[in-house]
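J.: In case you want the letters, here they are:
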Amino acid sequence: MQSLLEITDVHKTYRIGPAVVPVLTGANLSVAEGEFVAITGASGSGKSTLLHIAGALDRADTGTVSFKGQALNRMSSGQRHVMRNRSFGFVFQLYHLLPELNVLENVMLPAMVAAPTWMALVRARPRKRQALALLEEFGLVERLHHRPGQLSGGERQRVAIARALINEPAVLLADEPTGNLDPKTGQTILDVLLRLHKDKGQTIILVTHDAQIAALADRTVRLLDGRVQVASQG
Amino acid sequence: MYKLFLCIRYLTRKGIVIFPVLAVWLCVMMLIIVNSIMTGFVNRVRSAGHGLVGDVVVSSISPAGFPDYQQLQKRIDALPQVRASSPVIVALGLLNLPDYEYTKLVVVLGIDPKSQSKVTNFDHGLYWQYKAPLHAVEDIGDQGYPVRQSQLVKRAVAFLNVAEKNEKRLRDGLAMEPIPSSAWFAAIRRHWQVVRREDWQAALHKLDRAQRDLAFITGLPKNGFYKNRAALIKALVPAEPSFTPPPEAAASYASAADEPSNGCIVGVDLGLYEKNRFGQYNRPPGIRFTPAILTVSPITLRATVAQPQAGRFQIVDDSRTRVFTADSRQIYVPFKVLQKLTFMQQQDLLSGGVQPARCSELQIRVKNDASAAAVNQARDAIARVVSAFVHQHPEAQIAGLQTQTWVQEQAQYIKAVDNERNMILFLLGLVSLVVVVVIFLIFYMLVRDKTRDIGIIKAIGGGEWGVASIFLLYGLLISAAGAAPGVLCGVLFVLHDNWIHDHILWRWFGISIWNRKVYIFSHIPDQVTASAVVIMVISAMAAGLLGALLPAIKAARQDPVEALRYE
Ligand SMILES: Nc1ncnc2c1ncn2[C@@H]1O[C@H](COP(=O)(O)OP(=O)(O)OP(=O)(O)O)[C@@H](O)[C@H]1O
Ligand SMILES: [Mg+2]
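Those sequence lines, one after another, are chains A and B.
Mapped onto our numbering, the consecutive letters of the first sequence carry residue numbers 1 to 234.
Mapped onto our numbering, the consecutive letters of the second sequence carry residue numbers 235 to 801.
What the hints contain is simulated information worked out from the structure, not anything from laboratory work.
You may find that some hints are simply not true.
Unchecked claim - Computed footprint of chain B on chain A, listed as stretches where at least three residues anywhere in the stretch have a Cβ under 8 Å from a Cβ of chain B:
hint, stretch
1, 72-83
2, 87-97
3, 103-113
Claimed, not checked - Here are the in silico distance ranges between beta carbons for each label pair:
hint, chain 1, residue 1, chain 2, residue 2, range
4, B, I658, A, N180, 55 to 63 Å
5, B, W733, A, R129, 35 to 43 Å
6, B, A764, A, S152, 54 to 62 Å
7, A, P22, B, L664, 32 to 40 Å
8, B, L664, A, S152, 50 to 58 Å
9, B, R243, A, N28, 39 to 47 Å
10, A, V82, B, L729, 31 to 39 Å
11, A, E168, B, L675, 54 to 62 Å
12, B, P719, A, R86, 36 to 44 Å
13, A, V82, B, I787, 41 to 49 Å
14, A, S77, B, R682, 41 to 49 Å
15, A, R195, B, I787, 28 to 36 Å
16, B, A766, A, P116, 37 to 45 Å
For glycine and all other residues, C-beta sits at the position ideal for the given N, C-alpha and C.
Could you build the full structure based on these sequences and the hints that come with them?
T.: Structure below.
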């Protein structure tokens, strides 16, 4: 299988004053197109850090991250913004929606960032149609003009997923998307992710510390001592 | 695009932005009001100063004056730039009014009223001799623009209509007891019907005057067209000013022997009159034609003081130039009379020769005097004539002749007001820096508050510049949101400042800031210059940007991973 995202020998160390906290010490991970990979590990093992590095949100100290053969770590910050906008979609544990925008606006925001100013008006309609389609799919059509504060946790997370998908990213990066939800609601979110993976072949990297959730993925890797250990093959 | 979109959302959904918007609003309003009123004030001061001495003044440094001025005047009059000129004698004197037990140190000006009126606005300021309806022209700008007779009629009719509509109420009101000032709330209850006693009197006075004005204006040539205020006033003034007492003056004297042969005109602010809140002078009934004794000290060619000379006069009029320093100490007497009193007339010398007549200065009006360039150009031409004259007249050289434009001549006076305005604007500008600080503080808080949002925006691909520009744009929008109502309120306030002052401050609260007792102008300036408004708006925008700059940089530098950890 051809690899879409290739993380090779990535190191990341945090320094707090004199203390040195090595988080990643030569992590390797390869994700193929259409694959659903789960990353597990103890709290503080560096799962989020790895995910951020994979999605061009953070930089590794050393090592390479290549996406479709391009080295993300050698890109300018401008190019990395574009990558984050077009090729990666992030979903966070705490939803991270903008409280001043309503549901529809939150979902459309990455598409607005993508469009240059002069294109904004031309592209507005198809963009909106796409956002509406996603929200319909996630059962949120009734809540279009509600603000995040008026939604439940599960609804917020579905909005966040819709936002991550609006620009049709190559990779969806989810950092404990169910971590803040009760098991039942969490299951609905997982169903959404599984459906995306099965029906549309969406590449997903999911961070979780729940072995049961990890079992849903094609493949599970485990972070231990700053390195990726292959835990199981789905 | 998303930047503007986010800004608008932040602007409409964040309550705290009301504070910087209000700060910008108030500052823009304040600066527009202060700038307009001060600029209007400066312009009036300048125009009063301009009317005082003509456009160019040739004066001698020596207090004894300079000789052969008629010759110099002839040469200057021959210049194509010159419209008219008038010789003036300046002396120090003591004015004594025996009937009023009044003595005051005065500056005595010897003038020829006819030629003087061609050079300065002397005739416009005379109370008894000036027949023009000041009301109709008072609010015509000093800048000067075409005025038609029909416009004047319209203005006068409008004024008269208002006055007549209120006449009955005013007369009723006058019969009422004045309302005690402590009960101002009672005044509010009775609303507009309630005015103070002096307001009624003043309004009735205005009504009376408006009727006279209208009669006068309708008598003007139908198609009259006046290039500027001065031209209009010229057209409105039919009588030539004169020092000669009219026949009825003789009634004031017991016998013909008592009658002084000469008239004099006193400055209106010499302290003979009381001035009320509306700037109207309360002239004692007998003041006109009252005898006056003027004592002057002639100064010899060797700059010694000769025996004081006294002359008997009779007050025939008073003069208001609107330049306080002039009105509070000048008195005017006929040129020839003062020439004799100061020994400046032509004299036969014992040695056989003739000592030529002298005067202190020549005041000159040039053509196209609204243009500073034309005035300066004329000054240079006159200065050349003067220096040629001085070469042929060594005595004039000793007198030390200088040629100055009115601006140079009154530099101190004009500059003082100009500086005052600049100083006030500068101080208020400093105060307005508060806006920058307010915006900075609010934005600093906002950026901290929005740390997580900044992380999100970066996570979905908004770059450093994108994040920074959100906040910069936000600052601009806040300034615009404050500047727009600020300009509106400021302009409305300035356009109606006289009304606000008289109808709200004074009627309701008994506050009179623009006290006509003190100010030489009866109206608060109420014109706004477009350029000033544009500058204010641009400055407000700049303040918004400046205030938002540091927080925007801070936001742009925010590490998204850190920001997303923030809860
Ligand atoms: N800015 C930072 N400064 C210092 N240490 C940091 C910083 N960010 C992360 N770390 C440390 O790096 C380690 C890995 O953090 P990370 O958030 O990747 O863990 P995680 O596996 O996602 O944990 P969890 O399951 O609790 O989310 C932790 O020990 C954390 O304390
Ligand atoms: Mg984590």
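J.: For every hint, state whether the structure bears it out.
T.: Hints and how they fare:
Interface restraint, the stretch 72-83 of chain A with chain B: holds (5 residues with C-beta to C-beta distance below 8 Å; minimum three). Three residues within the 8 Å Cβ limit are the bar, and the stretch 87-97 of chain A against chain B gives 5, so the coverage statement holds. Residue count for the stretch 103-113 of chain A with a Cβ under 8 Å from a Cβ of chain B: 5. That meets the three needed, and the coverage hint holds. At roughly 59 Å, the beta-carbon separation of B/I658 and A/N180 lies within the given 55 to 63 Å, and the hint holds.
A C-beta distance of roughly 57 Å is found between B/W733 and A/R129, which places it outside the suggested range of 35 to 43 Å. Under the hint 54 to 62 Å, the C-beta atoms of B/A764 and A/S152, about 56 Å apart, fit the expected range. Checked against the hint of 32 to 40 Å, the C-beta distance between A/P22 and B/L664 comes to roughly 54 Å, which is inconsistent with it. A C-beta distance of roughly 53 Å is found between B/L664 and A/S152, which places it inside the suggested range of 50 to 58 Å.
Taking the beta carbon of each, B/R243 and A/N28 are about 42 Å apart, inside 39 to 47 Å as hinted. For the pair A/V82 and B/L729, the supplied restraint of 31 to 39 Å is violated, since their beta-carbon distance comes to about 53 Å. Between A/E168 and B/L675, the C-beta spacing of about 42 Å breaks the proposed range 54 to 62 Å. B/P719 and A/R86 have their C-beta atoms about 42 Å apart, which keeps the hinted 36 to 44 Å range intact.
Taking the beta carbon of each, A/V82 and B/I787 are about 22 Å apart, not inside 41 to 49 Å as hinted. Take A/S77 and B/R682: their Cβ atoms lie about 23 Å apart, and the range 41 to 49 Å is violated. Taken as a hint, the range 28 to 36 Å is violated for the pair A/R195 and B/I787, whose Cβ atoms sit roughly 43 Å apart. At roughly 38 Å, the beta carbons of B/A766 and A/P116 sit within the given window of 37 to 45 Å.
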